[in-house]
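Student: Read off the chains here:
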Amino acid sequence: MLAHLPILQVIVPLMAAPLCLFLTRSRLVWLFTLIASGLAFLISSLLLQQVMVSGTIIYELGGWDAPWGIEYRIDQLNAFLLLIISAVSTIVLLAAHTSIKQEIPADRHTLFYILYLLSLAGMLGIVATGDAFNVFVFLEISSLSAYALIALGKDRRALWASYQYLIMGTIGATFILIGIGMMYQMTGTLNMDDLSKRLPEVAHTRTVFTAFAFVIVGVCLKLALFPLHLWLPNAYAYAPSIVTAFFAATATKVAVYLLIRFTFSVFGLSFSFTALPLQMLFVVLGLLGIFAASIAAIYQKNVKHLFAYSSVAQIGYMIVGFSVSTTTGLMATLLHLFNHALMKSALFLALAAVVYRIGSVQLSQFHGLGRQMPFTMAAIVIGGLSLIGVPLTVGFVSKWYLALATLENGWWPVTALILLGSLLAIVYVWRIVEVAYFKPPIAGRESIKEAPLSFLIPIWTLVIANIYFGIDTRLSVQVAQAASQSLFGVSP
Amino acid sequence: MIFSLETMLQLSIILPVFAVVGIVATGHKPDLREGVTISTSLVLLYFVITLYQGIKQGESISVQWWEILPGLQLSFNIEPLGMLFALIASFLWLITTVYAIGYMRGHEEKNQTRFYACFAIAIGSVMGIAFAANLFTLFIFYEVLTLSTYPLVTHAGTREAKQGGRIYLGILLSTSIAFFLLAIVGTWFVAGTLDFKPGGVFDANVNTTVAGVILVLFIFGIGKAAIMPFHRWLPAAMVAPTPVSALLHAVAVVKAGVFTILKVCVLIFGIDLLAVLPSTQFMLYLAGASVLLASLVAMRQDNLKARLAYSTVSQLGYVTIGALLATSSGVIGSSMHIGMHAFGKITLFFCAGAILVAAHKSKISEMRGIGLQMPITMAAFFIASLSIIGVPPTGGTWSKWFLLMGSMETGQWIIMAILMTSSLLNIAYLLPIPLRAFFPGTKTAFAGTGIKEAPLPSLIALCITTLGCVILFVYPQPLYELATAIVATPGLAHGQ
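Listed in order, the protein sequences are those of chains D and C. Sequential numbering of the first sequence, starting at 1, is according to this note's numbering. Sequential numbering of the second sequence, starting at 1001, is according to this note's numbering.
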């Protein structure tokens, strides 16, 4: 059984999805989904443990040998990602039943859970597989279900947002597919490990170079790198709140994973950073993203939009860490991947609770919430502090490594800019705090109460995780360090 | 002794935080709630005094908690400077609590439970700052202090409070993240350690340009020291209730700032290295400018608390100057000034609050003749003003004495001139207030209004601190001994 964990990781949610159709009542479907996601979480914890103890796990699908059959390859990097995705998915699901009761018509509840599971399976698949074409397949599974999930939003603008995402996401996926196709043409293999051995032989050809460019641009579209982020804010803002909480913490992370995987493992470090001026490009785009998106966040009136732009800015941090291309830099990226998932899922889940109570996330509707929903607002404050990077929260840990990584490379202006960028976070977080705590409640809304426990428990689990992993960083730092060292070890 | 010294060290940080639970739980019974606060502050004071005696007997007390990031540990260690700061803060917390009971009830403030709870967290973090064994630990508590005082500054919940809170948090958080954190990461990168060490952590052959830049980042980044141009938060914080202004914005928060600067100068750079850095002189002039300009601005303030705030900005510059002079007299003067100014300024704020509660006046121009109704308050104001100015028989004399010595020893004539001029300015903006209060010249509106002294607890508190100002003149030994111990720590002179 334990030997089959890599495939179970993907197959459990994938198989669970159609099974939902047999359960008719919304609550049952929810429980079933929760169990499936919880199982995935359990599997990913076991996998991480195994990988940390005994190194990379290789699993051959159907017993076919590697270059011919599909291979699942779990090393520290994807075990870490699998854990993040399945953990967030499970915690967010805890609140799903209460939240979607208000946001999604009852006849679509089953549909919602099916799509959710498919999306989860897709993301886990992208991360777990060691086969380039398989990546594309799972990318499409997760993306298509994501488009549909976003379109389930109550607001009619959700349709438009979903359409935008559909167009951009499809372009991205197509680019990736073209890239993979070209690689296949040159090497005759789709296995990532095999690719990494065969690509250097043909590295000088224009085809490989083009393939690399296609893959990078495609992935960057998916991860919403500034200025390819235009699909993200609306998609996050108009999707059902639970979907936003889930995607904000996972979807872009998976794309960042792909970026790391393709550049470090498949194309190899030396090729990746010489074929294109990737370092220069990413540090500039990353910093631009931090500033442009943070400033945009300051001017948003819709709090979901605000945090969506903040997500784009946070991706900027990850990309800057990536562009440093040292072990510390990559470590900073991986840590931020983990930490940002914790922050954003807590924040968006708290917003889901606000939507549940007042039906809106316009900032102007937040008046007096500090008093009426003290626990929810406290969660937003702590999540916000974590976003700013205050010590004792996870945000500080990633800032610290990012600053250290850039200093190690002698990029002190970048260090200064990164820290200056986080000041902008103070501004947009405090706009919410001031409205919620200093304005009296809006007339006629005096009776608004705290969110129900089904929200508060998952929200505070995440908030406490934000603090816990800011104080006890052993898990995140060790795994991130091991992952980044092994990536550099593979292709020095 | 029930507890070991190490346990007491930890308890002095944790206890105020535990007190929050008690304060919140007893929130609906004000008497009980204040009882919790008072007894916590008494116990805290007991701990700190016991620790002080331990230190005097030459024991070294240090505690390690756990590693947050590899190499970055939460750990505590008592050295003389931190001891001095902790003594002052814990003693004045007790006095302020007594004062606050009179003030908060007399002024009928709302949300008093939140007030006392945040106050306790703030004091806990001050203890954390005082006893921090490395920059990292200090930084953590520094930020906790900023955040825990934010609800105190915005206590009133009005527009002005929101505005003030915005400036307060904006400047303190921004400088600490943009500069202070950068300086810390820089130090870690260059020196490989963040531990406070006598003689400093940098190598003898460190690149002085890099170290000079780090020094500038530290001075700007430690926004709580209110060096211009990052001083605006302090006047903005004056919207807070007076006990907050008194303890936090005359003692705990601002002193945490200058304390950090002093500690960075002496224990991170070491005064030998500091003396040769290219940016030291520049920062010295900046601090000098801050002293003078803030005094000038203070003269133009009609709001009493605003005037006192600018006066604080100016006096904080003294401490920074003393640290940057990089001689032992300078450091002694600086550390003594932390204590002397604390007693003087807290008294002045207590008086301002007493006037507000009793007579509902906050403008200086309206205080003409009030001395006849509130003689004790205004007499206290007079004595505390003398201490700020630095004339006998008050404690302020000593610290200014050492600061002047320090500037003479190093031949910093301009700095010396600044210090002298500023003392004159102090006279000009502080003394007229009590003088006019007692000798109004013309008839005033106060005659027959029935205005009396402030509530008794407040009055007792301000008498104690006034007495402190005088006692510190006659008996400055405890402060002096701690201050000399800072520079006498072995290895300091040679930068080992």
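Incorrect hints may appear among the rest.
Said to hold, decoys possible - No farther apart than 25 Å at their CA atoms in a straight line, the calculated lysine-lysine pairs in the PhoX-like style are these:
#1 439/D - 1363/C
#2 1452/C - 1363/C
#3 197/D - 301/D
#4 1361/C - 449/D
#5 1029/C - 1363/C
#6 1162/C - 1029/C
#7 1162/C - 301/D
#8 197/D - 154/D
#9 1110/C - 1361/C
#10 449/D - 101/D
#11 1452/C - 1162/C
#12 439/D - 1452/C
These are computed hints drawn from the structure, not numbers from a lab.
Student: Each hint should be assessed against the structure and marked as holding or not.
Tutor: Hints and how they fare:
Note on residue 439/D and residue 1363/C: the hinted pairing is violated, with a Cα-Cα distance of about 29 Å set against a maximum of 25 Å. Of the pairs offered as hints, the one joining residue 1452/C and residue 1363/C holds, with about 18 Å between alpha carbons and a cut-off of 25 Å not exceeded. Straight-line distance between C-alpha atoms of residue 197/D and residue 301/D comes to about 51 Å, which puts the hinted pair past the 25 Å bound. Simply put, residue 1361/C and residue 449/D have alpha-carbon atoms about 40 Å apart, too far for the 25 Å limit, and the pair is violated.
Restraint check: the Cα-Cα separation between residue 1029/C and residue 1363/C comes to about 34 Å, which exceeds 25 Å; the hinted pair is violated. Of the supplied pair hints, the one linking residue 1162/C and residue 1029/C is violated, its CA atoms being roughly 28 Å apart against a limit of 25 Å. This hinted pair checks out: residue 1162/C and residue 301/D have alpha carbons roughly 19 Å apart, not beyond 25 Å. A distance of roughly 49 Å separates the Cα atoms of residue 197/D and residue 154/D; the hinted pair therefore is violated under the 25 Å criterion.
With a C-alpha separation of about 20 Å, the suggested pairing of residue 1110/C with residue 1361/C holds against the 25 Å cut-off. Only pairs whose Cα atoms come within 25 Å are accepted, and residue 449/D paired with residue 101/D is accepted, the gap being roughly 18 Å. Restraint check: the Cα-Cα separation between residue 1452/C and residue 1162/C comes to about 32 Å, which exceeds 25 Å; the hinted pair is violated. Between residue 439/D and residue 1452/C the CA atoms are separated by roughly 36 Å; this puts the pair beyond 25 Å, and the hint is violated.
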